[in-house]
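Asks: Top to bottom, those sequences are chains A and B. End of the first sequence = 190 in my numbering, gap-free, step of one. End of the second sequence = 1323 in my numbering, gap-free, step of one.
Some hints could be false.
Below, in silico cross-link-like pairs of lysine-lysine (DSS-like), each with a Cα-Cα straight-line distance of 25 Å or less [as the list claims (entries may be wrong)]:
| no. | chain 1 | residue 1 | chain 2 | residue 2 |
| --- | --- | --- | --- | --- |
| 1 | B | K1068 | A | K177 |
| 2 | B | K1251 | A | K149 |
| 3 | B | K1068 | A | K149 |
| 4 | A | K182 | A | K105 |
| 5 | A | K171 | B | K1146 |
| 6 | B | K1248 | A | K149 |
| 7 | A | K171 | A | K185 |
| 8 | B | K1027 | B | K1251 |
| 9 | B | K1146 | B | K1002 |
| 10 | A | K117 | A | K185 |
| 11 | A | K171 | A | K105 |
| 12 | B | K1274 | B | K1146 |
| 13 | B | K1002 | A | K185 |
| 14 | A | K184 | B | K1274 |
| 15 | B | K1068 | A | K182 |
Worth flagging that the hints you see were computed from the coordinates, not collected in a lab. A quick note: this is a predicted structure, and the numbers were derived from the prediction, not measured.
Spelled out from the first residue to the last, the chains are:
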Amino acid sequence: MTATATQEGTQSFLRRVVAATPGDCRLELCIQCGTCGGSCPSGADMDHTPRALFALINAGLRDEVLRSNTPWYCVSCYYCTARCPQEVHITDIMYTLKRIAVYEKVYDDSTAPDFSKTFIFWVENYGRAFELGLMGVHMLRHNPFGAFKIAGMGTGMLSRHRMAFTPTRIKGMNGLKAILRKAKKLERSV
Amino acid sequence: MKYSYFPGCSLERNALAYHHSSLAIAKPLGMEFVEVDDWNCCGATEYVSLNLTASYALIARNLALAAKNPAAAQLVAPCSACYLNLRKCDHYMATSPELAEKVNTALGAGGLAYKAGTLKVRHLLDVIVSDVGCAAVAAQVTRPLKGLRVVPYYGCMVVRPELGAAFDGLEQPTTLDRLLQALGAEVVPFSLKAACCGGHMTQISEATGFEMIRRLVKDATDGRADLIAALCPMCQLNLDAFQGPMNKFFKTDYHMPVLYFTQLVGLAFGLDAKSLGIGSELVDARGALAKIGIAAPAAGPETPKKPPKRDDKSLPMPRMSGA
């Protein structure tokens, strides 16, 4: 852990997180008050509260931060962001940490990143989300028995025509693909 | 008034009732919606977790397409996640020139461009309450929802983050409360009105996701609500479709119907329940609506009941279904 801290440099991980977050995320202004963790609806299941995670970032403990389940348990409710007395863009920073963890391939629990990847597979290839495909693929991979538990719900959704059997493809798929290809080229190596 | 309309993927299918009821009440409210041509997914909370520039370019394609229609400078989204993503993209393209440049370079590859500030992104609730107004809504009510106890549930993304210009309070919003009052409904005080439904958490960690659903359903039940009014497809999906699995998980027996606020507006306007998509909810709302004399269509075909377990004393013989 100390080795990582020296390698990365105490401040450079903080700088990297700030640079990879859009706008002025104000992370360096965190005063460690803990309002974020106290406001978090899923905080009880996180390895670190956002406050603790920010202290680790400040200390340059990159690996511990990227291995934490905290960003993946963030439900994007923005309570912390709304309440932070220093107006730190906490939710946006959680997204940044997810991107860095995916890019560096450092995360213990692969369920959450895989969910995002499966979701995006349909978007990148059809232009629209596809719920049945997403849930089907995700459950087969991560929770095959869970499919039986929610089978009633699935048939309920299908019988009420609330789930499509096939994805919808937008007309301008070639254009969208070109846009996304270009965007990925422009993305700096977070 | 004319608006650009961004339905989003959920409204195409799982929240089709939200789509239909929004369009059904648009006319009596004097709103005209022009759907953005060939719109794409906003990326929800997933794409931005993987790639920043691509996720903003994905959202910006919609803004660029909507901006092609100069007659509608206001872009309305009924889905809270789409609303926030579209608004956030416009906001960060305005405040982060570096991001705006990258996004526009990417859009250029598809022959598109977007200048931040061209469009004003609005949520459907905001448009109805702020532009049309509660008085104008009340004037259209022919069947007041008198005696119906409704929880005004906002969820998170419609009220937070502020991004310079939130249309309502960040934690104790009141727009939906006022709208429901204008319909004649009895609004249940609900301290969790802007709490999170759990988003995609049911797919990541059941214990976390179901607990967030349980809190909301329990509080609504404790408040003797007849139903919950939702304004986001994710909230409706979690509270309605996952209410059964949540009950199974905690061995509870809650029954709290969840309808879209637009469906309630439509009912109060005297529109036909079926045309508003009522009956597509998984937690049957017929009991709640019968309370105010509205006969709603049956909630889809019932899931077939399991055949009774065989009598343990009998021989293990195959059973005819229905025997």
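Asks: Which hints, by number, does the structure contradict?
Replies: 3, 5, 8, 9, 11, 13, 14
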